[in-house]
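Using the sequences and the hints given, assemble the complete structure.
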Amino acid sequence: MRVNQRMTATVATAAVLGLTLAACGGSGDGGDGGSASGSADQVEVFTWWAAGSEKAGLDALVGVFNEQHPDIEFVNGAVAGGAGSAAKDLLQTRLQAQDPPDTFQAHAGAELQDYIDAAQIEDVSDLYDEFGLTDVFPADLVDRLSTEDGAIYSIPSNIHRANVVWANPTVLEDNGVDPEATYDDLDAWMADLDKLDKAGVTALSVGTTWTQVNLLETVLLADLGPEAYSGLWDGSTDWEGPEVKAALEDFETLMSYTNDDRDGLDWPEATQMVIDGSAAFNVMGDWAVAAFEEQDKVLGTDFTAAPVPGTDGVFDFLADSFTLPVGAPHPDGAKAWLETVGSLDGQVAFNKAKGSIPARTDADPADFSEYQQTAIDSFANDTIVSSLAHGAAAPVATLNAISDATSKFTTGASDLAGYQSELAAATQS
Amino acid sequence: MLNKLRRVGPPLLMLAPSLILLGVFVYGLIAANFTTSLTDNHTAAQATGQKPAVLVWFTNYIDLLASEDFQHSLMNLVLYTVVFLVGTMIMGFLWAWMLEKPVKGEGLFRSVYLFPMAVSFVASGVVWRWLLNSNQDEQASGLNRLFQIVGLDALQNNWWNNVTFGIIAIAIPAIWQLSGYVMALFLAGFRGIPEELREAARMDGASEWKLYRHVLFPQLSPVALSALIIIGHMSLKAFDLIMSISKPANYQTKVPAVDMFVFKSSFDYANAAAVGSILLIIVAIVIVPYLIRTNREEKR
Numbered sequence: 001m002r003v004n005q006r007m008t009a010t011v012a013t014a015a016v017l018g019l020t021l022a023a024c025g026g027s028g029d030g031g032d033g034g035s036a037s038g039s040a041d042q043v044e045v046f047t048w049w050a051a052g053s054e055k056a057g058l059d060a061l062v063g064v065f066n067e068q069h070p071d072i073e074f075v076n077g078a079v080a081g082g083a084g085s086a087a088k089d090l091l092q093t094r095l096q097a098q099d100p101p102d103t104f105q106a107h108a109g110a111e112l113q114d115y116i117d118a119a120q121i122e123d124v125s126d127l128y129d130e131f132g133l134t135d136v137f138p139a140d141l142v143d144r145l146s147t148e149d150g151a152i153y154s155i156p157s158n159i160h161r162a163n164v165v166w167a168n169p170t171v172l173e174d175n176g177v178d179p180e181a182t183y184d185d186l187d188a189w190m191a192d193l194d195k196l197d198k199a200g201v202t203a204l205s206v207g208t209t210w211t212q213v214n215l216l217e218t219v220l221l222a223d224l225g226p227e228a229y230s231g232l233w234d235g236s237t238d239w240e241g242p243e244v245k246a247a248l249e250d251f252e253t254l255m256s257y258t259n260d261d262r263d264g265l266d267w268p269e270a271t272q273m274v275i276d277g278s279a280a281f282n283v284m285g286d287w288a289v290a291a292f293e294e295q296d297k298v299l300g301t302d303f304t305a306a307p308v309p310g311t312d313g314v315f316d317f318l319a320d321s322f323t324l325p326v327g328a329p330h331p332d333g334a335k336a337w338l339e340t341v342g343s344l345d346g347q348v349a350f351n352k353a354k355g356s357i358p359a360r361t362d363a364d365p366a367d368f369s370e371y372q373q374t375a376i377d378s379f380a381n382d383t384i385v386s387s388l389a390h391g392a393a394a395p396v397a398t399l400n401a402i403s404d405a406t407s408k409f410t411t412g413a414s415d416l417a418g419y420q421s422e423l424a425a426a427t428q429s
Numbered sequence: 001m002l003n004k005l006r007r008v009g010p011p012l013l014m015l016a017p018s019l020i021l022l023g024v025f026v027y028g029l030i031a032a033n034f035t036t037s038l039t040d041n042h043t044a045a046q047a048t049g050q051k052p053a054v055l056v057w058f059t060n061y062i063d064l065l066a067s068e069d070f071q072h073s074l075m076n077l078v079l080y081t082v083v084f085l086v087g088t089m090i091m092g093f094l095w096a097w098m099l100e101k102p103v104k105g106e107g108l109f110r111s112v113y114l115f116p117m118a119v120s121f122v123a124s125g126v127v128w129r130w131l132l133n134s135n136q137d138e139q140a141s142g143l144n145r146l147f148q149i150v151g152l153d154a155l156q157n158n159w160w161n162n163v164t165f166g167i168i169a170i171a172i173p174a175i176w177q178l179s180g181y182v183m184a185l186f187l188a189g190f191r192g193i194p195e196e197l198r199e200a201a202r203m204d205g206a207s208e209w210k211l212y213r214h215v216l217f218p219q220l221s222p223v224a225l226s227a228l229i230i231i232g233h234m235s236l237k238a239f240d241l242i243m244s245i246s247k248p249a250n251y252q253t254k255v256p257a258v259d260m261f262v263f264k265s266s267f268d269y270a271n272a273a274a275v276g277s278i279l280l281i282i283v284a285i286v287i288v289p290y291l292i293r294t295n296r297e298e299k300r
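Protein chains in written order, with the working numbering: chain X, 1 to 429; chain B, 1 to 300.
No lab work stands behind these hints, which were simulated from the structure alone.
One or more hints might be untrue.
[Said to hold, decoys possible] DSS-like, lysine-lysine: derived pairs with alpha carbons at most 25 Å apart:
#1 Lys88(X) x Lys264(B)
#2 Lys297(X) x Lys55(X)
#3 Lys237(B) x Lys88(X)
In structure tokens form, the structure reads like this:
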């Protein structure tokens with residue numbers, strides 16, 4: 001009996017010890033990065049580019065990085081899942097625990113505001129001067145990226161355009177709509193959409209809430225024009241005004257031409273409807289071109305791409321970019337990475353593989369695909385405005401509130417007036 | 001004294017690790033969550049201490065409960081829970097009742113009914129998202145298509161995309177997954193009733209209905225209560241199934257757990273914590289009376 005008791009005691013002690021040791025082991029891991037502080041022997045790059053063309057782009061960029069900085073080891077911190085939401089979740093936790101990666105991917109623009117307010121990322125505007133980026137990025141873009149006091153918090157690696165409408169010419173022709181037609185404004189376009197709708201096809205395909213927000217922002221842009229649209233985000237355009245109301249009415253009409261199962265679809269399924277010919281039009285950012293090209297569709301014959309009617313001459317931009325977190329374990333490594341991201345070689349290699357276009361204007365368009373060439377041309381010449389759905393125009397909390405209001409409206413739980421006042425409230429906070 | 005230590009010491013030492021872990025990671029974090037919910041910590045800057053967060057007591061709770069959107073989430077939660085509970089209890093009981101009589105291949109049926117429980121909500125959600133596709137008529141797929149094929153066109157509906165009752169459609173896969181579990185509970189209950197009781201009732205001339213009403217049902221009621229509690233608290237925490245069928249931003253399928261997720265991703269920690277506390281309180285209202293009751297019974 002006594003032996004038994006002693007044994008129990010021993011086992012219990014061992015268990016306690018084991019747990020304590022395990023706890024120590026756990027904390028040891030975190031300290032690992034800190035010990036090499038300041039050194040430039042490695043760089044952990046945190047992204048959500050873990051698959052498909054995004055991963056191909058990252059691999060190409062790493063190739064250039066290894067050439068430019070052979071003495072720095074690249075550590076891939078990519079987190080897969082949920083179109084970046086899994087990565088953002090983990091990033092939020094790591095920044096909160098003051099265990100930042102050396103650099104992380106984020107949408108350029110207002111989405112960075114939370115990190116800036118929380119003093120989690122550094123101003124990198126001096127790196128713009130050091131790397132000579134101010135002259136090679138379009139002035140419009142640098143304006144959009146700068147905060148009010150002139151600071152810039154990230155370096156963009158690529159540019160996408162959100163105001164593109166994709167169409168299937170065969171479907172248009174079969175239903176008596178001229179596939180060559182260009183539309184000056186939404187009204188002209190909606191007349192044809194109405195015709196398609198009456199013919200029994202899905203005139204406009206759309207997916208879940210964020211794609212509806214993407215559609216909403218292009219409608220606002222078309223009806224208000226670039227200046228008033230940008231004013232929505234700095235308070236100079238009145239959300240409660242009659243112009244916005246008219247735009248929301250157009251949005252309501254457009255939504256009435258869309259597919260019923262939209263809330264269950266993400267963008268690839270919505271775009272697929274145009275590829276398959278079950279829908280005529282789809283408004284989506286220009287990453288959709290990859291979906292067409294993967295299935296050997298040819299621009300001009302199998303599908304067409306144009307700016308959303310009423311937004312010709314305006315480039316609704318969004319960009320992925322890289323930051324310099326406060327307290328990064330290897331700031332020199334991070335700066336080397338940022339240099340590669342901003343460099344011409346890096347931007348060309350990355351964007352050729354990913355299907356986006358360089359933020360730099362000095363890249364040779366001949367290196368890129370047919371669609372990319374038109375985008376490069378527009379980016380250099382058009383008025384540039386910030387995309388809402390992709391974090392360039394408004395902080396995360398505002399975007400979430402707008403998304404909630406939009407979902408409420410498109411499922412029929414609120415009327416237009418309620419929607420408008422919810423949008424106004426969302427942008428005021 | 002030394003004797004007493006010898007008697008109490010080792011068990012206490014054995015329990016210490018789990019007590020400490022529970023104390024820190026469950027009760028400590030509940031306390032931390034509750035404290036956060038009483039502040040105005042609505043931005044990333046406040047969460048990292050760049051701007052001060054002040055105590056606002058129950059303002060967050062009052063604002064949340066007064067907001068139309070959160071009321072909609074709570075209403076969805078109630079609808080979902082009621083349908084989920086009633087559905088699993090009825091299906092589970094029926095299956096158990098059928099298998100309770102000696103049937104050929106009982107083991108097989110038992111496994112077949114229990115099997116969906118082994119599938120994760122996320123995996124089955126992906127399949128059910130397709131089955132519950134809301135397209136109708138020409139573009140229909142999934143269940144709506146099936147209705148067309150068998151000539152029940154009138155039954156086509158937009159499933160979870162209905163603003164008011166959409167959440168009920170998501171209860172269907174949940175019922176499908178957990179009815180087998182309730183069946184297993186009831187089956188165990190049935191098996192626990194001694195044959196003599198039935199015989200005695202029949203000897204006394206009880207009809208089959210009376211036998212169930214006065215002999216078997218009372219014996220099954222503790223099992224039914226356990227099943228209700230287990231399914232009920234699972235239902236209140238519903239998140240993964242909803243997330244994999246719908247999307248967090250979809251208004252029609254919002255429940256408090258989804259709200260919590262959206263608040264958290266907007267860096268609104270105070271509201272996320274407040275929603276968490278509200279959920280905890282709702283679950284506690286269901287579970288605590290049950291725990292007290294079982295405790296009392298065990299003492300008896």
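For each hint, the structure was consulted:
A distance of roughly 11 Å separates the Cα atoms of Lys88(X) and Lys264(B); the hinted pair therefore holds under the 25 Å criterion. Pair hint Lys297(X) plus Lys55(X) holds up; C-alpha atoms about 22 Å apart against a cutoff of 25 Å. A distance of roughly 23 Å separates the Cα atoms of Lys237(B) and Lys88(X); the hinted pair therefore holds under the 25 Å criterion.
Going through the hint list in order, the structure satisfies each hint without exception.
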